[in-house]
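Enquirer: Here is how the chains run, residue by residue.
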Amino acid sequence: MTSKVVVVGAGVVGTACAFHAASAGLDVTVVDRGAVGAGTTSRGEGNVLLSDKEPGPELALARLSRSLWEEAGEELGPHSIEFETKGGLVVANTTEGLTALREFALRQSTAGVRTEPVERVRDIEPHLAPGLPGGVHYPQDAQVQPVLAAAAMLRAAVARGARFHTGEIAAAVTGRGDRLTGVRTVVGDVLPADAVVNAAGTWGGEVGRRLGAPIEVLPRRGFVLVTEPLPRMIRHKVYSADYVANVASSDAGLETSCVVEGTRGGTILIGASRERVGFDTTMNPAVVARLAAQACRLFPFLRRIHLIRAYRGFRPYCPDHLPVVGPDPRAPGVIHACGHEGAGIGLAPATGALVTAHLLGRPWRGADPAAHTGLLPDRFFLSGGVPK
Amino acid sequence: MSDPADLIIVGAGPAGMAAAATALAGGLRVVLVDSGTAVGGQFWRHPPEHARSVIPTEDLHHGLREYHDLREALAAHAQKGQLDLRLHHHVWSAVRQDDVFVVHAVDRRKAPQEIAVVLRAPRLLVATGAYDRQLPFPGWDLPGVLTIGGLQALLKGGGVAAGSRVALGGTGPFLLPVAASLAARGVEVVTVCEAAHPRAWLRHPGPLLRNPGKWAEGAGYALTLVRHRIPVRPRTAIIRAEGGARVTSVRVASLAPDGSPRPGRERRIEVDAVGVGWGFVPQLDLLITLGCALTDSADGNAVVAADEGLRTTVPGLYAAGETCGVGGAALAVGEGRLAAESVLADSGAAPVLRGKRLAAVRSAVAAQRAFARALALAHPIPPAWSSWLTDETVVCRCEEVTAGVIGTARAEGACDHRQVKQLTRAGMGWCQGRMCGPAVHCLTDPKQAYRPAERLVATPVTLGALADLDT
Amino acid sequence: MSELIIDGKPLAFVEGQSVAAALVATGRVSWRATRAGHRPRGVFCGIGVCFDCLVTVDGVGGQRACLVTARDGMTVTTEESTDE
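Residue numbers (my numbering), protein chains in the order written: chain X, 1 to 388; chain Z, 1 to 471; chain A, 1 to 84.
A portion of the hints provided could be inaccurate.
To be verified - Derived CB-CB ranges, DEER-like:
| hint | chain 1 | residue 1 | chain 2 | residue 2 | range |
| --- | --- | --- | --- | --- | --- |
| 1 | X | Glu206 | Z | Gly413 | 23 to 31 Å |
| 2 | X | Gly34 | A | Ala33 | 35 to 43 Å |
| 3 | A | Gly73 | Z | Arg203 | 24 to 32 Å |
| 4 | A | Glu3 | Z | Gly244 | 52 to 60 Å |
| 5 | X | Asp123 | Z | Ser387 | 53 to 61 Å |
| 6 | A | Ile5 | X | Arg235 | 32 to 40 Å |
Note that these hints are calculated values from the structure, not bench results. Where is the CB? At the ideal position from N, CA and C, for every residue including glycine.
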């Protein structure tokens, strides 16, 4: 049983780990070189999605996370995280696409996802383009404001005794028998710990290396577009069925399939492209134009609406596109919680609960390590370990 | 223009005009892009060419001989086809791809219609100027309260005054020409509140002595103000505007050395319009997105880092004018010329300025830069300006975020304007923090220079125009 | 003098003026309300930076009145556009 935990990373995953671990009575220190939620957390749309996940280890985590977000909303105050159950609407562009989408939805529903076939998509999204053959409504899809949520979870953790330390970690400190005793920062501070959580998101590969537990986490660049504020025109997270294919894709080039949604602030978000270009921060107007074109095809009224902002971030992904959550067999005391790709916001609370369960050695808030073995880092090191 | 351009210049103010004229004289093919209806930028803002007889504004300007010379040079080159002048073009993005700069604009000559335009050249010069820096105060969002630049733009561009009884406030020499312009159009300027103390100049007398032209310009304004009996009140500030549907009065306070209002030294003045400005903020959006290094300037702004030849840290990318540090039109013209000389040299073309003329431009630029620095130090933002705020004062005009909400975010640990934005939405609205950014920065991190948030989209553009780019 | 139509009524302007200048010439300095607090807004920066002066021009919202040159017969709507 662990008592002192250092969580590396104050993004939505790190703060969720801190929130759950502190709630379980553990002594928690969160360390980040920057501000809370300043990395990929601040660059997403705040998706809490079930609709884009096929049955498997990620969907299992997502289902737990969806209910834990709701609990967190009740605990932290729904306004403090802007939790909104807006629902998702996936639309097909062709009748063949619709057939594939319905089959996909059927498999999801047998895995416990609520799905509702929609014949006339304009009945529930009146501004959609005419002529779309149909879609599937996912009433559980939801939204949080990720930076507010991370800040609220960190505040709640601090209220339960956690500390926040600004700094960059350099290495693990080990004692007798390679037992972890703490982490050292680049300026030489030593934070005592008998467990350290790698929740460094896109930088999780580097943090893992410094902790003596290297894993492969790579960046996948995405642009998100933000329009001028409008009266509410779009009610759901609306996306076209090819998005599902893109999320699961391993192709190297640019992929876009837009997700369009309204926000509480009145702006409409259009996300998100997927490019494997390393940490290249360069603006790419062609990607922006592609997203704009796709959004206008879904919602023709958008042609007259202004783009006022675009931002980009780097999703952290593992080679098999599954997050890595659990203890590293090579470095006792190191627990990974990264590689969530574009689903980190949605998966954060369940990741935090699962990490806490690993720390406690028993289930915590519905997270049972025995039920999520497919996410363990072992899969990268032990033979035959890569789950499908 | 069918031939590919050698140089794109964004911004047709004093810097962009001078740079274009020099580059054209050196034989380069130039595209000059500006969102305005005429060349001249803010300083030499004019009505569109066809409207100048009905909206006379020449008497409001300074340094017009230079303007006319440059304008004629540009017109001559445009006629020859060597200059591609793109007015009403709004640049929303500029990127560097394989050693070529790709500038994305929308053509708004038939506004509100927007047509996407893509321009390419091996070299790019950004001369996008600056706008008024604002500090919020209670009532600053009432109708009738404008930036001093806004008052001036309405006069110079449209021939209209936004009020008949106007109070001006803030700091810096720009207050004086605006007061003079208003007075010239029959507006009663009831007070000019200058927060700085004139003695501040005595700490840096050198640059003042080395720039007699500036001295003469200032004396000219002073005479105009005396003639119109406009009182200039040093060490005072407009700390509140009052009214309902429109501003009806201001509170003017006498300031202690730190900028806090002296108790019991407040006056109420009836007005129907107010102009405020606290120096300027350079428009760095394109340069930041292109990856230029920035450096701190004496006026509290980060500006683009450029060498003596106005080369930025990105190869092939140049900057001139206020983007390199706010310093006025004469400096901008000099920098524009020097930047164009660098473009010529880097393109393997012969120089236009040689010998003594080049040396004269260089030494004038150096003297004006020193003057600008002294000016910035003499007209700082008063350290205690935030004592004018109440919790209810709107700081972010777009998203209506109050000083109280920003104070809460700070108490929760937000320590720069980006974090405040994420937690409060201040700076997330239409203007993307252009208005409130410097103020939120001063409220959170006043010791550092203000670095604007990265704005990948430099100006709003319709999704339809963008979609048409996707083929 | 030329005329544009603002909220259904004619507004005379001098050719070359912006929509904002044409409004200010008649003494109007506000023509919009903020989304949350419904505070009146109009011309502030005058040079296209603050977005306080937004109007709808010929059916397209989000137009900065200070940047759009007034044209004879142009239709300007000053309410926040809600009819998309």
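Enquirer: If a hint holds in the structure, say so; if it doesn't, say that too.
Expert: Hint check:
no.	hint	result
1	Glu206(X) / Gly413(Z): 23 to 31 Å	holds, 25 Å
2	Gly34(X) / Ala33(A): 35 to 43 Å	holds, 38 Å
3	Gly73(A) / Arg203(Z): 24 to 32 Å	violated, 58 Å
4	Glu3(A) / Gly244(Z): 52 to 60 Å	violated, 30 Å
5	Asp123(X) / Ser387(Z): 53 to 61 Å	holds, 56 Å
6	Ile5(A) / Arg235(X): 32 to 40 Å	holds, 34 Å
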